[in-house]
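Dock chain to chain to rebuild the complex, using the hints, since each chain is given by itself in its own frame.
Read top to bottom, the protein sequences are chains A and B.
Under my numbering, the residue at position 17 of the first sequence is numbered 198, and the numbers go up by one with no gaps.
Under my numbering, the residue at position 13 of the second sequence is numbered 1165, and the numbers go up by one with no gaps.
Just so you know, these hints were derived from the structure itself, not from any lab.
All values derive from a computational prediction rather than experimental measurement.
Glycine residues also receive a C-beta, built at the ideal position from the N, C-alpha and C atoms.
There could be a bad hint or two in this list.
Taking lysine to aspartate or glutamate and the EDC-like style, the derived pairs with C-alpha atoms no more than 16 angstroms apart in a straight line are [claimed, not checked]:
#1 B:Lys-1517 to B:Glu-1433
#2 A:Lys-205 to B:Asp-1357
#3 A:Lys-257 to A:Asp-283
#4 B:Lys-1536 to B:Glu-1512
#5 A:Lys-257 to B:Glu-1202
#6 B:Lys-1517 to B:Asp-1438
Computed list of chain A residues with no C-beta within reach of chain B, every gap over 10 angstroms [as the list claims (entries may be wrong)]:
#7 Lys-196
#8 Val-197
#9 Ala-199
#10 Val-234
#11 Gly-235
#12 Glu-305
#13 Arg-312
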Amino acid sequence: MSGRIFFAAAGMGAKVRAPALVAKDGFSARYDLDRIAGVFSRPQHKLAGESYVGRVLVLDAAKGGVATAWMLYEMKSRGVVPAALVLNAVNPIMAQGAALADFTMISGFDTDITQAVPNGALVEVDPTAARPFIRIV
Amino acid sequence: MRGGAFGPAVQWAIDHQVRVGRYLGAEDFVPVTQAHIMADTESLGPAGVEWLEAWARLPAGQRRVRIPTITDPRGTDFAAAHRLKQQPWMLDLERRAIAAFEALGVLMTDTCINYQTIMPPVRGEHVAYGDTGVVIYSNSVCGARSNFEGGPSALGAGLTGRTPRYGFHLDERRRATLLIQTAATPRDLNDWGALGGIIGRLAGDYWQVPALVGIDRVPGSDEMKHFGAALASYGSVALFHMIGVTPEAQRMEDVIPPGSLRTYDIGADDIRAFQAAYATEIDTVDLVVFSAPQLSLVEMRALADALDGRHATVPLLAVTSPQVKPDADRLGLTARIEAAGGTVLAGMCFYQSYAREMAEANGWKRLATNSAKLTNIIGGYGYKPVLMSMQACVDAACAGGRIGA
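If we strip away everything but chain B, and leave its shape as in the complex, we get (with noise of 0.2 angstroms):
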C-alpha cells in the first residue's frame, strides 16, 4: 500500500494512518470490519470537498472502499432546507461532497445513531468509527473497540480495512482511571445528559475512563445515548463502564485496577445545578431543538404523544434518521408533530448543519433542547441554550417560548 500500487488514494491512506500511529504510539495496524465517516460540509468547507473530489476522480478500480463504511449526519435536509432558510451555496456543496463519497464507494447512511438502526457492533469487534456519541456507545454499551477517527481517518480505515493499534483497540487501556459513585439515577434524558456532563467535566481528556457505581436499574438505550454522548461532548471521552450493566464491567475488578482510583461522589443536587447554570438570565427562547443525537423511533412518539392537541408557536426541530424516518411516516408520528407545529427533518443534525448561519436567517438565538450534548457545543456559534426536559421543552414552544409557563 505504502509503496503505491494500489493507487494513490490508498498510498495517501496508509501514510496518514502511519503518522497519526507513530504520534499516539502504535506499533502496528489492527484490522477493523467497519469504518463509520463524519463529514458535514460545514467542517469540511470547500477545501475539503476539493480533497475528496480529487480522490473521487481516480479510476473505480483505486478509489473504493473496501470494508462497510457508512456516514454520519450530513449538514442538511434537502426536503426542508428552505424551512431552514440554507442557502444555496451550502446545498451545492452537499451535493458535490455526497457525489464524492458515493464514487468512493461510502454508503450514505447520514446517521449518528447507526448503534440503533444500522448494524450495532459486537464485543470485541474492532471499528473505525467517526462522530464521539457512536464511538461511545459502542465502545461501552457494545463492548466494540474504535478511538475517534475523524473524518479523514475514517476514510483512510475504509480504504484500507484497517487502523494504527493504540488507544481503545488495547486492553490496557480499557481499565477505568476513575470512579464515579452516584445515589442519583436520572428520570428523563436530558437528566442522563446532565450526568454525563458533570462526568465529563472531571474526567478531563480522552484517555480517562470513569466507572460509575450507584445506577439502581439497567438504562434504556436512549438513556445510554445521551448519558454517552454528553460524556463524550464535555470530556472528549470514549469509553465508560458501568458496574453490573455494560458488558467488559460486570464486575468492579472486571475494569478498576489495584490500588486507589480518584474518585467523585456526585447526587441530584450536582444534576439539578448543571442544568440551572444554563438557565440564568434566560425566560423566553426562539426555538425548541431535539437533535444531537438523532432522535430514535421511541423519542419521536414520546415527542408526538407530548405534542398530543396542543400547537407549536416557536419553531420546534425533531431531527432523526434517514432509517427511523419512514417509520416515523409509515406509524404517523410526522404527521402528528407536524400538525402541532413542529418540523421533522431526517439525515442532518442540527449543530452540523451551518448553525450559525442558521440563527442569523432566521433570528434564533435562544434556544432550549434535552440534549446535553447540544447545549454543550451551540455556544459557539452564538446561541444562548437551556437545557430542559423533553415536556419542559414541548411546554415551552406551545406557551410562545416562555419557559416554565
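So that you can see chain A by itself, here it is in the shape it has in the complex (with noise of 0.2 angstroms):
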C-alpha cells in the first residue's frame, strides 16, 4: 500500500503530510462538526465522536450549507482545524471556503478515494503539482 498515489481533478493550497481519518461520509463544517472542541459531532457521521484536528480528511462528498465558506477560515485562525480536505466530489461551497483560508483541498479521482487510503495511514497532499495528488507514504 506504501507510495501509491492517487490524481485529483483540482487543488488548493500548500502541500501537507499527516495521517489520514477516512470515511464513506460527507463533510459540513456546520453539520457535522463541533468546531470548539475539534470533534466531529453529528450522531449520524461515520466519525462521529474522532477528532479531525490534524488530520487528513479523506470522505465522500461535501454536503449541506454554506457556511463553511466561512467556517474554514475561522477554524483555522484558532488552529482547530484539519490539516487538508480530500474529497471524492466537492461544491462551491469547501472551494470558496478554502481559497479564503489558504486551505489544503483536493477533489475529483478516477477511483472511490475513501476507499483507497485506509484509515490512519501517513499520507501526503500535494495540490501544487501539475496533477494534484494524495501518496500514501
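In C-alpha cells form, the structure reads like this:
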C-alpha cells in the first residue's frame, strides 16, 4: 500500500503531510462538527466523536450549506482545523472556503478515494503539483 | 480590477473569484444582478468579523458593493436575545458585523426567504446567492441561475458585479441527472421536507439534478420552500425540476437527456419512514421551533390559528423575516402567537444563532419542528430532533412537550 498515489482533478493550498481520517461519508463544517472541541459531533456521521484536528480528512462529498465558506477561515484562525480535505466530490462552498482560508484541498478521482486510502495511514497531499495528488507514505 | 485600480477590496474579490473559478472549471465570468450574503457571526467568528472590518475601514470609494447585495438571517433578534439567553459577546460580535456590512453598502435584509419577500429573480437572471434554500428555490422555481455562493464569494460578487461562470450558470449543468417517480404527493410542509430529504440523500452531491414526475398538483410557495430547503440540506443539491410545474421542465424532454437516467420510486411509506426514524426514543420534547426557512406570512397565520385558545407550556419559537414581522404585527398574528405562550423572532434563524450555546443556557436538547432542514442540521449542535407536522408540534408544545398526547 505504501507509495500508492491517487491523482485529483483539482487542488488548492499548500502541500501537507499528516495521518488520514477516512470515512465513506460527507462533510459540512456546520452540520457535522463541534468546532470548539475539534470533533465530529453529528451522531449519524461515521466519524462521530473522532478528532479531526491535524488530520487529512478523506471523505466522499461536500454536504450541507454555505457556512463552511466562512468556517474554514475561522477554524484555521484558532488552529482547530484539519490538515487538509480530500473529497470525491466537492461543491462550490468548499472551494470558496478553501480559497479564503488558504486551506489545502484536492478533489475528483477516478476511483472512490475513501476506499483507496486506509484510515490512519500517513499521507502526503500535494495540490501544487501539475496533477494534484494524495500519496500514501 | 486585478491590478488594484479599484482598491484592495475589489482586488481581493476578483482574485478570490479567479481561484474559485479555476478550481471549478470556469472559463470566464458572468455579470450578476444581485448578491445575497450568508454571514451569521457563529460562522464568521471573531476572525471573520475582523476580516470584514478591515475592508470596512477602506475609503468609501473603495469599499462599496456595486450591485444590490442583501443578507441572510443574522445570529440574533436583538429584541429577544435575553429571552434566548444569548450572551453579550454574541450581540457585540453581531453589531460589529452589521456595522461592517453597512459600511460596505450591503442592505441588511436578514432573510432566507427573499424570494418570497424582497425581489424574486426572474427566469434566466444570473445572481450570486448564498443560503442553499435561497439558491435551490431561485434556480428551480424561478428559473434563475446561481451556484451556492458562500459569504466570501457572495461579497466578492457584490464588489465586482460578476461571478465565475461554472455550474448552474451553464445550460449543460441544468439537465436532469436522476429521475424520481413518486405516487405520493405530500400533504403537510413536513412531508414536503421529508420528500426533499429522501431525494437529497439519493442524489448524493452538488452536481446532481433530480427531476420529479408524479406530483399530482402544483405545490404552493411554502411547499416548494420546504421541499427545496430539505433537498439542498440533505443532498447539497442546488437545482431540481418538477415536470409540468417548474419553468424549465414543462415537458420531460426539456430536461431529460437522451439515454437512461438512474431512477428511483418514492412512496408514502418512504416519507413516513423518513420521519419515523427521527422519533425513536423520544416521547417528550424540551422546545418547539418553527424556523429554517423563516416563516412566510401564510405560515404565521397557520401557526396563530393552530394556537388559538391554547397555551404552550414548553418554549415555542416562531422565526420569521424582518419583512414579514411588521405585517404579522399589524394583522395581529404576533399577538395571537405570543398570547398563547409562543415567542416570535425576526431576522435570525434558529440554527444560525449559537444553537449549541442556547441549548446549554436553556437546558434544551429534545426539539420538535416541522422543518426537515432544521432536523438535518441541528443534531450536530447536540440536539435530538423530531420532525412532525405544525399541528403535531403545537399539540406537543401545549401538552408539556409530550408527543402524541
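Tell me the numbers of any earlier hints that the structure contravenes, in ascending order. No hint contradicted; all consistent.
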